[in-house]
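**Q** Here are the chains, one letter per residue:
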Amino acid sequence: MEIFVLNLLNGLSWGMLLFLIAVGLTTVFGVLGVLNFAHGSLFMLGAYLCMQAMRIFPSFWLGLLVGPLCVAVLAAIIERWLLRPVYGRDITFQLLLTFSILLVLDDGVRLVWGPGYHVVDPPALLAGTFPLFDHSYPVYKVFLVILGSATGLALWFFFQRTRWGRIIRAAASDREMAEGVGIRVPLLYNGVFAFGAWLAALGGALASPQQSIGPSMGERIIIESFIVVVSGGMGSFPGAFLGALVLGLLESFGAVFAGRFQMALPFILLATVLLARPRGLFGKEA
Amino acid sequence: MGAEGFQRLSKVRLPAALWLALALSPLFLPTYWVIILTEILIMALFALGFNLLLGFTGLLSFGQAGFFGTGAYAAALLLEHGPPSLLLALACGGLSAALAALVVGYLCVRRDEIYFAMLTLGFGMMLFTVAHNWREVTGGSDGLPVFSVPPLEVIFWEWSLFSPTVMYLFTLITVTAGTLFLWRVVHSPFGLMLASIRENKERLAFAGGPVRSLRLAAFVIAGLVSGVAGALFCLFNHMATPDIMHWSFSARPVLMTILGGAGVFLGPALGAALFFILEHFITDVTESWMFFLGCVLVPVVVFFPRGVLGTLLHRLEKGGRA
Chain A
23 MEIFVLNLLN
33 GLSWGMLLFL
43 IAVGLTTVFG
53 VLGVLNFAHG
63 SLFMLGAYLC
73 MQAMRIFPSF
83 WLGLLVGPLC
93 VAVLAAIIER
103 WLLRPVYGRD
113 ITFQLLLTFS
123 ILLVLDDGVR
133 LVWGPGYHVV
143 DPPALLAGTF
153 PLFDHSYPVY
163 KVFLVILGSA
173 TGLALWFFFQ
183 RTRWGRIIRA
193 AASDREMAEG
203 VGIRVPLLYN
213 GVFAFGAWLA
223 ALGGALASPQ
233 QSIGPSMGER
243 IIIESFIVVV
253 SGGMGSFPGA
263 FLGALVLGLL
273 ESFGAVFAGR
283 FQMALPFILL
293 ATVLLARPRG
303 LFGKEA
Chain B
4 MGAEGFQRLS
14 KVRLPAALWL
24 ALALSPLFLP
34 TYWVIILTEI
44 LIMALFALGF
54 NLLLGFTGLL
64 SFGQAGFFGT
74 GAYAAALLLE
84 HGPPSLLLAL
94 ACGGLSAALA
104 ALVVGYLCVR
114 RDEIYFAMLT
124 LGFGMMLFTV
134 AHNWREVTGG
144 SDGLPVFSVP
154 PLEVIFWEWS
164 LFSPTVMYLF
174 TLITVTAGTL
184 FLWRVVHSPF
194 GLMLASIREN
204 KERLAFAGGP
214 VRSLRLAAFV
224 IAGLVSGVAG
234 ALFCLFNHMA
244 TPDIMHWSFS
254 ARPVLMTILG
264 GAGVFLGPAL
274 GAALFFILEH
284 FITDVTESWM
294 FFLGCVLVPV
304 VVFFPRGVLG
314 TLLHRLEKGG
324 RA
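Going down the list, the protein sequences come from chains A and B.
Adding 22 to a residue's 1-based position in the first sequence gives its number in my numbering.
Adding 3 to a residue's 1-based position in the second sequence gives its number in my numbering.
Check before you lean on any hint, since a few could be wrong.
What the hints assert, rightly or not - Take a look, some chain A residues computed to stay more than 12 Å from chain B by CB distance: (1) Leu96; (2) Pro144; (3) Ala192; (4) Ile245.
Unchecked claim - Restraint ranges, calculated between C-beta atoms of paired labels, are given here: (5) A/Phe79 <-> B/Asp145: 53 to 61 Å; (6) A/Trp135 <-> B/Glu282: 18 to 26 Å; (7) B/Gly212 <-> A/Trp135: 22 to 30 Å; (8) A/Arg102 <-> B/Cys298: 49 to 57 Å; (9) B/Thr286 <-> A/Arg242: 58 to 66 Å; (10) A/Tyr139 <-> B/Leu32: 17 to 25 Å.
These are computed hints drawn from the structure, not numbers from a lab.
Note that this is a predicted model, so its numbers are computed, not measured.
Glycine is no exception: its CB is placed at the ideal position from the N, C-alpha and C atoms.
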């Protein structure tokens, strides 16, 4: 019971971060048709910029606000000047372009902040631990679980119930038709890309008090979020949510029950889904 | 010169002259450049094998480093624990990579395009994880050193591969054999079937073509070639390390192929050379080679839609016709 609850919380807190990344990745893919290799780097950049903002104004909350916003602005510039010329070209070019952006961002971070690791303290309100069974458990992880679920709900509400959410879903299901009914698609693409980047950077900023900030932090999460979106179904919101939670839980319980074998679990999940349902759990018929 | 004459020149005489220049180059190049050239040749073979998927079948694999590394580790393990034979090491590297490609490919060829790229990336990283974490067998992050590289034996002559020139010539011969093999594959009826998958897989499927098995076959062949290249790389470095299985290494053949041009058979090989020359000059100036590589790639991707060699050849051919 004790182990169960602890791992449940660990898995959910990692799963929530994964969800923030995966939902941006899957929405950008659904609407723009672009798979963004640099999405993990935006996650990393969010953490770095949050840290930088905290050096200027010493408040975690301000960092959480400023860092992701800067990343969203950067992403809007990237979409307008770099991605737009390669729409409609072969996917190889899109992947290579986002891969080049990844190289520039990952190495650029190393140039600006150095190759070492940095630590960010959680805000005083969430810094402590609370007793859970015989252990003391960090408050911050519980905060992540709550905030993650709240964000998930808010996003669901946004996509299902608001005008902008409907526009995004319409553009995702049929671009030409959306253009035909008067949606300004270029502007929408720009907004969706920036929004996805904002979500990734928010994830990065939220992760920063929990894991050390380093130039390679985007790497693990991009591979895992690929696994999440392919097994959940590309472009699917519930797929990203379920996939992220399943992967997060699989990893935290795997650490206890599977030992070193744990590293293979995400890939086994991916292979199983592919064999049983190649288009992903919530994927549409290709 | 007419377009036809130009094509004949570019198809036979030009590569032959290039090969001769390569074979004679140790006579006039300094040792340092012979070593660089060896590495370029190995990466060229890797990129050519990769291009069987991208350029000729229309599949973008982002996990090719997994097979390159499998080949390198298989060769290293064989040389440490098995009989000391170079050919056996190459064969072992190629075959184990082909076997890995068969398993991974079976799962990956179920999807196309972007999904295929993501799946190969994911499973390639799985192979990386195995190499990185299975300390007892692979040495973990330290890698697996090869202490005794057997000499190259031809009838009753023997040369040690510790000489850069011998290593270079051995690499050149292996890479040439691999390139000719790929050339044969691309120009066989099987190669034509692959091209028809790239052009229109639905039509091939309607005509009764076994799209999935053909793709799997191409994936296994590309894996085999990558594995041989990896085994060569292991002999060249006297070691197999996990970083050659990482996805950033998988990006190399992709970048080389795009730099050189996926539509030209030898394009990836030229791309490999361009890549190394670029790396050489940039690392002379700064340590942030990846940063500048990214800065160079962005305009290449945006302005050279056929790759550098592809775009130049296209211009030349258009000029020849006029």
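**Q** Against the structure shown, which of the earlier numbered hints fail to hold, in ascending order?
**A** As far as the earlier hints go, 4, 5, 7, 8, 9 and 10 are violated by this structure, in ascending order.
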